[in-house]
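Engineer: Input sequences plus hints: build the corresponding full structure.
Under the numbering used here, the first residue of the sequence shown is numbered 1, with each subsequent residue one higher.
Quick list of the computed label-pair ranges, beta carbon to beta carbon:
(1) Asp41 to Arg74: 36 to 44 Å
(2) Leu77 to Leu151: 22 to 30 Å
(3) Gly134 to Gly60: 13 to 21 Å
The set of hints was computed from the structure by calculation and includes no laboratory data.
In this text, a Cβ means the ideal position worked out from N, Cα and C, and glycines have one as well.
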Amino acid sequence: MLSEAGVALALLAGIALAPRLPHLRRRYDTAALQALTRRPDANPGDERLKLELAAWARTGAGNGATLLPWQRPRVPLPLAIRSVEGRHENTLVHFAYRLAGYHQLDERSRLGGLIYRIGVQLRPLLWFAPRRPGTPWDDCWLTAVDAPRLLALARWRPRRPTLIVLDRLQPAEVSRVMEALTHAASLADQPIRVVVLSRDNQAGKTPSQRKAQRKG
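Structural biologist: Here is the structure:
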């Protein structure tokens, strides 16, 4: 009787987990994204701005949980964009570094870091569990874009919530990136947040607003 119950439980577990297994094979898409390679310096930056960025990133992101394993999580706001002035670059690096969970690896031993990474990779199996505040996001820091990357961005499907920083890009380049991401976000089940790191006094304006200002 116990063996039959065990087989039944194993069968049910297999049926429940089967729709989640493809999520385990999804990897960081280096054709579309460019990971943050800089480590934050000793200056922690503007703490108020970090809190503001955190609240903005999570607004409309959903909680990542679903009732059934084959359902897609609801994301009220799949794609959002905002600007940050260039003088706050260090603050943005600190924010992106922690959001991606790199500090968790810094604070752990090699074995602890490996266990942490495995836990992150297995997270898709817990379809019913809401995303916790410390759950790491994927990160991307783009300093240049070309046609192959734009095509990859349009085809990209985020495996987890993703922060993309556009650094030193021209307004026209930002517009092309957002066009590609708009297509990607329409099919995504994870939130995408884009920060434009401004190098001039145009911070806070979208590319269309800057274009209208020039025409005026």
